[in-house]
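Undergrad: The residues making up each chain are set out below.
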Amino acid sequence: MNALGLYRRYVGASLRAQMQYPGSFLMISIGQFVATFVEFVGIWALFRRFGQIRGWSFAEIALFYGTINVSFALADAISRGFDVFGTEFVRTGNFDRLLLRPRATTLQLLGYELRLNRVGRLMQGVLVLGIATHLLGIEWDVRKLALIVAAVAGSVVLFVGILILQATLAFWTIESLEIANTLTYGGVEAAQYPLDIYSRWFRNFLIFVVPIGCVSYFPILRLLGHRGPWQAPGWLLDGAPLCGVLFLLMSLCVWRIGVRHYTSTGT
Amino acid sequence: MRVRPYLTVFRMRFALMLQYRAAALAGFGTQCWWGFIKVMVFAAFFRGTLTRQPMNLAQAITYVWLGQAFLVLLPWAADPEIAEMVRTGNVAYDRLRPLDTYFFWYVRAMAWMVARAVPRCAMMFAFAAILMPIVGLGDWRLRMPSNLEASALFAGAIAGVVLLSSALVMLVNLACVITLSERGANALIVPLVLALSGSIVPLPFFPNWMQPFLFVQPFAGLVDIPYRIYFGGLSGWVAIAGLAQMFGWTIVLVFGGHRAMTAAMNRLQVQGG
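In order, the protein sequence lines correspond to chains A and B.
In terms of the working numbering, the first sequence opens at residue 1 and continues consecutively.
In terms of the working numbering, the second sequence opens at residue 1 and continues consecutively.
Source of the hints: derived by calculation from the structure; they are not laboratory data.
Quick reminder that beta carbons are idealized off the backbone N, C-alpha and C, glycines included.
Heads up, some of the hints might be wrong.
As the list claims (entries may be wrong) - Below, simulated SDA-like cross-link-like pairs (lysine to any residue); rule was C-alpha separation at most 20 Å, straight line:
no. : chain 1 : residue 1 : chain 2 : residue 2
1   : B       : K38       : B       : R143
2   : B       : K38       : A       : F47
3   : B       : K38       : A       : R48
As the list claims (entries may be wrong) - With the Cβ distance kept under 8 Å, some of the chain B side facing chain A (calculated, not the full set):
no. : residue
4   : G29
5   : T30
6   : M40
7   : F45
8   : Q53
9   : V135
10  : G184
11  : V190
12  : P191
13  : P207
What the hints assert, rightly or not - Derived list of chain B stretches under chain A, where covered just means 3 residues or more per stretch with a C-beta under 8 Å from a C-beta of chain A:
no. : stretch
14  : 163 to 169
15  : 195 to 202
16  : 212 to 218
Same shape as in the complex, but just chain A (with noise of 0.2 Å):
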């Protein structure tokens, strides 16, 4: 069987277990899309009292704000397996059978869970991208619609190489970390304003270190017509959620040392 193949096993079989709770899956959902909502609510709020930030219209953020969720939505349902490895998988010593098998880890680490309760931050993220078409009055043509697939594809990749990086952090720590939150959810809360509101130290992290910029923020310039606070060339502001994929790539590469230098804890 391919990758894919066997893949999609996986999702099968963990789509049929969380179906075994109907209940629990909804009051879930729908207490993430609440959870989730209010924070937009919060945005709201602000900008009837202030206008603008910066220059930048509530329209306008909403778009930022609809893109990074619905990424990170899609990214944090994949990557269950990277999310909880260090407690799942090394503490117990669980990654023994995972390296026995003739599979990449990596493979069976995505096949681990698809959360399907992360539909409510999704759910959210797409009404706001439908609020903010509305307000803005967007026409999705081709061009726009490449420009945000590619913003969220780029996203997406870049969120799960950073839960990887979390996961190798765990064959020196046992544990997982709660530190990768910073990049993870500490990484969608900034992106969802423009970063020219940030100052240059923090705006040039998440554009050169953890390429958040690059996937979302630059394509999204791209679709409303501004060309940024550099006056980036066109094709450069297209290509760069291209990025988070090298991003993903790094990461897969410090994977594999990890892997090398793993010991089992065993039991």
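With chain A's structure known, arrange chain B on it following the hints.
TA: Frame of chain A, contents of chain B only:
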């Protein structure tokens, strides 16, 4: 009512919590980062504004850092051990103790919160009030209370937060006892706390017509009322009214929770065998 057993529960739970030091450090790093993002967003909003706002930038920043310092005082979830006890049937042991189960669990919740809050709060004040001015970020620092009166009222308010928050945790615990699972109850409490306490956006920034409602609902006492007392946004009789609101809700929630708990315990079926 004998007090000693409850004091002992508090002390034991407190000692246990202090052992999770590494987790506390990692959590602290996350919170500093989080605070920075929020502070920068506020700074950007305030930069272009010409209209009068319900609080100034320095006050909004202080609000953000206080929120990070006292984050674990909020009722985010049910006591995980209680949910586990109800599922496995071990809750029967707690029912056999010659103690009031409601207050036994209430004190557990308080100890859990306070033990987690004390080190985090101390570190956050050291970072945001002392270290930040030293490294040249004085504009973004956590400022001290506006005067002695505010400090005294704030001390009372924080004690009130612990009592109120524990009463809310007990409602969530109660929902666990009834539904045999902590999931539904946790899914419900988080959006309520986020929306109504002021932890996402300080409540005064919401539209004026919402303000009377926002001030009287119980979640305001978790974040908004104490923090506004801290920087003098609420002072004099309004601050006293805020404190009265908090303690009033605490009494209502404890009384109602205690009654509901008694009823639920009478119907409780012990699981397992």
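Undergrad: State for each hint whether it applies.
TA: Hint-by-hint comparison with the structure:
1. Note on B:K38 and B:R143: the hinted pairing holds, with a Cα-Cα distance of about 16 Å set against a maximum of 20 Å.
2. Restraint check for B:K38 and A:F47: the C-alpha separation of about 15 Å stays at or below 20 Å, so the hint holds.
3. Distance check on the hinted pair: B:K38 and A:R48 sit about 18 Å apart at the alpha-carbon level, within 20 Å; holds.
4. Interface restraint check: B:G29 against chain A, minimum CB-CB distance 5 Å, threshold 8 Å, status holds.
5. Annotation: B:T30 was flagged as interfacial toward chain A, and the flag holds, the nearest CB pair being 5 Å apart, inside 8 Å.
6. Hint on B:M40 holds. Least Cβ distance to chain A is approximately 5 Å, under the 8 Å limit.
7. At about 5 Å, the closest approach between the beta carbon of B:F45 and any beta carbon in chain A falls short of 8 Å, and the interface hint on this residue holds.
8. For the restraint placing B:Q53 at the interface with chain A, the shortest Cβ-Cβ distance is roughly 6 Å, inside the 8 Å limit, so the hint holds.
9. This hint is violated: B:V135 has a C-beta 12 Å from the nearest C-beta of chain A, more than the 8 Å allowed.
10. A distance limit of 8 Å between C-beta atoms decides the matter here; for B:G184 the minimum to chain A is near 5 Å, and the interface restraint holds.
11. Evaluation of the B:V190 hint against chain A yields a held restraint, the C-beta minimum of about 5 Å falling below 8 Å.
12. With a least beta-carbon distance of about 4 Å to chain A, the hint placing B:P191 at the interface is held under the 8 Å criterion.
13. Interface restraint check: B:P207 against chain A, minimum CB-CB distance 6 Å, threshold 8 Å, status holds.
14. Counting residues of the stretch 163 to 169 of chain B whose beta carbon lies closer than 8 Å to any beta carbon of chain A gives 0, which falls short of the minimum of three for the stated coverage.
15. With 3 residues carrying a beta carbon less than 8 Å from a beta carbon of chain A, the stretch 195 to 202 of chain B meets the three-residue requirement, and the given coverage holds.
16. Restraint check on the stretch 212 to 218 of chain B versus chain A: 0 residues with Cβ-Cβ distances below 8 Å, three needed, restraint violated.
The earlier numbered hints that this structure contradicts are 9, 14 and 16.
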